[in-house]
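Number of protein chains: 4
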Amino acid sequence: MHKGRLEAFSDGVIAIIITIMVLEIKVPHEKDHIKDLVPLIPVFISYVLSFIYVGIYWNNHHHTFQRVRSINGPTLWANLHLLFWLSLIPFVTGWMGENHFSQWTAALYGFVLLMNGIAYSILINVLIRNGGKNPELRKAIGSDTKGKISVALYLIAIAVSMVNSWISFGIYILVAMIWFVPDSRIEKTMNSEYTETE
Amino acid sequence: MHKGRLEAFSDGVIAIIITIMVLEIKVPHEKDHIKDLVPLIPVFISYVLSFIYVGIYWNNHHHTFQRVRSINGPTLWANLHLLFWLSLIPFVTGWMGENHFSQWTAALYGFVLLMNGIAYSILINVLIRNGGKNPELRKAIGSDTKGKISVALYLIAIAVSMVNSWISFGIYILVAMIWFVPDSRIEKTMNSEYTETE
Amino acid sequence: MHKGRLEAFSDGVIAIIITIMVLEIKVPHEKDHIKDLVPLIPVFISYVLSFIYVGIYWNNHHHTFQRVRSINGPTLWANLHLLFWLSLIPFVTGWMGENHFSQWTAALYGFVLLMNGIAYSILINVLIRNGGKNPELRKAIGSDTKGKISVALYLIAIAVSMVNSWISFGIYILVAMIWFVPDSRIEKTMNSEYTETE
Amino acid sequence: MHKGRLEAFSDGVIAIIITIMVLEIKVPHEKDHIKDLVPLIPVFISYVLSFIYVGIYWNNHHHTFQRVRSINGPTLWANLHLLFWLSLIPFVTGWMGENHFSQWTAALYGFVLLMNGIAYSILINVLIRNGGKNPELRKAIGSDTKGKISVALYLIAIAVSMVNSWISFGIYILVAMIWFVPDSRIEKTMNSEYTETE
Numbered sequence: 000m001h002k003g004r005l006e007a008f009s010d011g012v013i014a015i016i017i018t019i020m021v022l023e024i025k026v027p028h029e030k031d032h033i034k035d036l037v038p039l040i041p042v043f044i045s046y047v048l049s050f051i052y053v054g055i056y057w058n059n060h061h062h063t064f065q066r067v068r069s070i071n072g073p074t075l076w077a078n079l080h081l082l083f084w085l086s087l088i089p090f091v092t093g094w095m096g097e098n099h100f101s102q103w104t105a106a107l108y109g110f111v112l113l114m115n116g117i118a119y120s121i122l123i124n125v126l127i128r129n130g131g132k133n134p135e136l137r138k139a140i141g142s143d144t145k146g147k148i149s150v151a152l153y154l155i156a157i158a159v160s161m162v163n164s165w166i167s168f169g170i171y172i173l174v175a176m177i178w179f180v181p182d183s184r185i186e187k188t189m190n191s192e193y194t195e196t197e
Numbered sequence: 000m001h002k003g004r005l006e007a008f009s010d011g012v013i014a015i016i017i018t019i020m021v022l023e024i025k026v027p028h029e030k031d032h033i034k035d036l037v038p039l040i041p042v043f044i045s046y047v048l049s050f051i052y053v054g055i056y057w058n059n060h061h062h063t064f065q066r067v068r069s070i071n072g073p074t075l076w077a078n079l080h081l082l083f084w085l086s087l088i089p090f091v092t093g094w095m096g097e098n099h100f101s102q103w104t105a106a107l108y109g110f111v112l113l114m115n116g117i118a119y120s121i122l123i124n125v126l127i128r129n130g131g132k133n134p135e136l137r138k139a140i141g142s143d144t145k146g147k148i149s150v151a152l153y154l155i156a157i158a159v160s161m162v163n164s165w166i167s168f169g170i171y172i173l174v175a176m177i178w179f180v181p182d183s184r185i186e187k188t189m190n191s192e193y194t195e196t197e
Numbered sequence: 000m001h002k003g004r005l006e007a008f009s010d011g012v013i014a015i016i017i018t019i020m021v022l023e024i025k026v027p028h029e030k031d032h033i034k035d036l037v038p039l040i041p042v043f044i045s046y047v048l049s050f051i052y053v054g055i056y057w058n059n060h061h062h063t064f065q066r067v068r069s070i071n072g073p074t075l076w077a078n079l080h081l082l083f084w085l086s087l088i089p090f091v092t093g094w095m096g097e098n099h100f101s102q103w104t105a106a107l108y109g110f111v112l113l114m115n116g117i118a119y120s121i122l123i124n125v126l127i128r129n130g131g132k133n134p135e136l137r138k139a140i141g142s143d144t145k146g147k148i149s150v151a152l153y154l155i156a157i158a159v160s161m162v163n164s165w166i167s168f169g170i171y172i173l174v175a176m177i178w179f180v181p182d183s184r185i186e187k188t189m190n191s192e193y194t195e196t197e
Numbered sequence: 000m001h002k003g004r005l006e007a008f009s010d011g012v013i014a015i016i017i018t019i020m021v022l023e024i025k026v027p028h029e030k031d032h033i034k035d036l037v038p039l040i041p042v043f044i045s046y047v048l049s050f051i052y053v054g055i056y057w058n059n060h061h062h063t064f065q066r067v068r069s070i071n072g073p074t075l076w077a078n079l080h081l082l083f084w085l086s087l088i089p090f091v092t093g094w095m096g097e098n099h100f101s102q103w104t105a106a107l108y109g110f111v112l113l114m115n116g117i118a119y120s121i122l123i124n125v126l127i128r129n130g131g132k133n134p135e136l137r138k139a140i141g142s143d144t145k146g147k148i149s150v151a152l153y154l155i156a157i158a159v160s161m162v163n164s165w166i167s168f169g170i171y172i173l174v175a176m177i178w179f180v181p182d183s184r185i186e187k188t189m190n191s192e193y194t195e196t197e
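Chains as they are written, first to last, in numbering that gives the first Met the number 0: chain A, 0 to 197; chain B, 0 to 197; chain C, 0 to 197; chain D, 0 to 197.
None of these hints come from the bench; they were simulated from the model.
There may be inaccurate statements among the hints.
Pairs count within a copy or across copies, as identical chains cannot be separated in the list.
Claimed, not checked - List time: in silico BS3-like cross-link candidates among lysine-lysine, alpha-carbon distance up to 27 Å: (1) K147 <-> K25; (2) K145 <-> K34; (3) K2 <-> K138; (4) K145 <-> K2; (5) K30 <-> K138; (6) K30 <-> K2.
Remember, predicted model here, so these are calculated numbers, not experimental data.
If we strip away everything but chain A, and leave its shape as in the complex, we get (with noise of 0.2 Å):
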């Protein structure tokens, strides 16, 4: 029960933030031909970007509280605090998209997607430590290798943003697809749990 709104607060917040991204795509005034659109591209695909990313903060943050009995006055603040990362996507989103990947949007937006990666490990840590009561996510975690290949890659993207953007765009591409491909043991182990009928 305690859970639950937890969860349905984060749904909330999470829900507000994949959608208002699109309000930077504005309406082109008078304008009415499919040309006038043009401009509009690079805006659109960092949306699309920023949609699966947030998307997959949404899979996980699902399948992470999955598995959590138990939580406490410090998981509702660190829950906050990934929330809080996750609010500036759509700020970073416009200020690339707007500005066609150029070196310094390219870069801030590595940066908040490395805080959003930060704030995440926090959350499972301090689910984790939370007087050893959430046993099956520890489990389940295990190593978080995914989770710091990700931080090292927006690492490596944020420095190259400085050379060139396009390539730091690209690893961002990369590190949303480490996360998209499913993980087999996980999936399995999922297709169970899910089943309400078992």
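Since the structure of chain A is already known, use the hints to place chains B, C and D on it.
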């Protein structure tokens, strides 16, 4: 329980989509006569149409997930994919409304509806293929005639928009009506299902 | 369970409506004296009024659905119809506030309130007619005197707005008070119902 | 069950409030250097402060309603009253941020925080007076020392803002810290309560 959070997140996103569309109807500044609202009529009409479409999607989502017992990882992504295309409806609604249903705007509106229709079919298929665990849903969907007719009509509407976009607009109304008019067979099944006391 | 999702979706939409109204109170740029907020007073007053109205609708929705046992397809649409008219409140609130409660703006505000009142009556009727499965609700609503008085007052307010829109404004406050002041009979029934431990 | 919907609606409104504040951080147009973000720093700082405040309110709301067994009509309105003052936080945050914490903007920010504090006290009192049905809450709140200190500090901050608004800003940070730092006694009670398995 697991299904519950997917439903809650979808409800949140759809609630935001259906509501932020109204922000495209901008308050006219320093104009307080009823005549000053006349230029807003096309924007208003496209709002009404899109409100009904998003309402239909919410209703169908609600009906579909009532019959779902088991979800898995691909379900989450198929659902996010649907939410992505739904999230583009406010943009195409505003563009079409501001430009009085001109040809390209009507075509793009149809394209987004088409992609929503396809995304919904994918979601349904992912749910049905899910290890044979949603037999009720398979039976209820049947051959999905309505879905197939809709896709065909969207394609016609997009093609026709280059000739006369008002015909496209009429087709969008027609498709909405097809979904709006209650399917007596389903409704009968529903009535008994809905009753919580039985 | 089924009722739950309709409630959750309505909560989401109403929460967004009540909150986006505040976006009409625009931050004055490069003006930081308290006097710079004076022009915002009418916008603020209309916000307060609309906040109370939307709050009343949420309260009534909450009270009504507590007594609902059975919903069906038409219920979903009657509910969406109500949400549609509620979604127009931010627009008419902004228009009336910016134009200092001038005649047409006050009339349109009244018209949207009127349509909300009618939409609510339709929703109640759909719920009551639903195969006799909501007897509790029928009893609680009774002859719906408050609803009928409200509709009459809205009509008067719309007519009067052409003469003096401040009288209309007063009538809107009056209607809000009628709903705000607790109905001791209902409250008594509620008190026992609300207690979860009984 | 009944409590659940009040919680869900509050979660929705608070989620929107905490997220729309970020919309005040406007994407700079045609400026893509990191230096172009410097003017946004005060807006960002005020966003961080307000995010923490709204987070504190959500946490407290969550903690409070965990101990609530019985709600009634006045509870709904006392809760809406709190949500009203919370909904004004984005406006005062934007105003204060854009004007670099100048005196009037800092005073108004303090005033809105003050009203939120008062609204929260009213809500608590309504819940406690509710026919003696929430004894757990009464015990947990005790003499509400934190609440009283906060109100006193807000009043000082408002008065001081006319002299030096940075002191006011420091006081707002101080109050946030008072609430943020976990109260070990409550936390201990919480830890056992939170555990769903016990």
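Hints versus structure:
Within a single copy, K147 and K25 get their C-alpha atoms no closer than 36 Å, and across copies no closer than 32 Å, so neither meets the 27 Å cut-off. Within a single copy, K145 and K34 get their C-alpha atoms no closer than 41 Å, and across copies no closer than 33 Å, so neither meets the 27 Å cut-off. For the identical chains of this complex, K2 and K138 are neighbours both inside a copy (20 Å) and across copies (23 Å), given an alpha-carbon limit of 27 Å. In this assembly of identical chains, the alpha carbons of K145 and K2 lie at most 27 Å apart whether taken from the same copy (25 Å) or from different copies (26 Å).
Taking the closest pair of Cα atoms, K30 and K138 never come within 27 Å of each other, the shortest separation being 55 Å inside a single copy and 47 Å across copies. For the identical chains of this complex, K30 and K2 are neighbours neither inside a copy (49 Å) nor across copies (43 Å), given an alpha-carbon limit of 27 Å.
Hint violations for this structure: numbers 1, 2, 5 and 6, all remaining hints satisfied.
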